[in-house]
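Novice: When you get a sec, could you build the whole thing from the sequences and use the hints?
Chains as they are written, first to last, in my numbering: chain C, 1 to 118; chain Y, 119 to 229.
Honestly, the hints are just simulated from the structure, not real lab data.
In silico lysine to any residue, SDA-like type, Cα no more than 25 Å apart, as pairs:
#	chain 1	residue 1	chain 2	residue 2
1	Y	K160	C	L46
2	C	K41	Y	Y157
3	C	K64	C	T78
4	Y	K160	C	S9
5	Y	K160	C	F39
6	C	K100	Y	T218
Note that the structure is predicted; figures quoted are calculated from it, not measured.
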Amino acid sequence: GAVVSQHPSWVICKSGTSVKIECRSLDFQATTMFWYRQFPKQSLMLMATSNEGSKATYEQGVEKDKFLINHASLTLSTLTVTSAHPEDSSFYICSARPAKAGRTDTQYFGPGTRLTVL
Amino acid sequence: QKEVEQNSGPLSVPEGAIASLNCTYSDRGSQSFFWYRQYSGKSPELIMFIYSNGDKEDGRFTAQLNKASQYVSLLIRDSQPSDSATYLCAVIFTSGSRLTFGEGTQLTVNP
Chain C
1 GAVVSQHPSW
11 VICKSGTSVK
21 IECRSLDFQA
31 TTMFWYRQFP
41 KQSLMLMATS
51 NEGSKATYEQ
61 GVEKDKFLIN
71 HASLTLSTLT
81 VTSAHPEDSS
91 FYICSARPAK
101 AGRTDTQYFG
111 PGTRLTVL
Chain Y
119 QKEVEQNSGP
129 LSVPEGAIAS
139 LNCTYSDRGS
149 QSFFWYRQYS
159 GKSPELIMFI
169 YSNGDKEDGR
179 FTAQLNKASQ
189 YVSLLIRDSQ
199 PSDSATYLCA
209 VIFTSGSRLT
219 FGEGTQLTVN
229 P
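Specialist: What follows is the structure, given as structure tokens:
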């Protein structure tokens, strides 16, 4: 149980284009999903917290107009990198927190999406 | 001072030995603690979570929590080469719901 998928697993795009990454919780409902970015040999950096049906909360320094997050259902959140540039090349990872009674703070991670912007 | 601090390593142990990974955190009121394993090029995988003081065992893994000392550790018994990875300690502070990660400890188990 507690499987999270991401699509695509990798993407190469040209500078200036937009890329959409999907994050799905396959066997549970998630009221909250998180988006992280990880550069080589660094730890995960939280970009934003996404709650179903409401606007995402962005971490300090993350441009909300550049990284568009939509959490339209209890099993799907999307991250769109708009007008991507080479410095946006990174490993983007989502996580989901199950919506169930009791302790609900465990996060399960998707497999990640490796973005390369040429 | 970092909010979640781990031994940066790298830590190297022989196959079959016990690997000990340590983590300290700054928020005394924290209640939720997690250990994730991350293989190179992959996303983190949850190994264990612990909420109460003491030990929690799951197979070859034991998490230990001491809230008074603000310390959480992970022991891996009978280490295997497949355990070679970066281990991330994560804490949920009392101020919110986000995970705060340590920098990770890179573990190498030598055959």
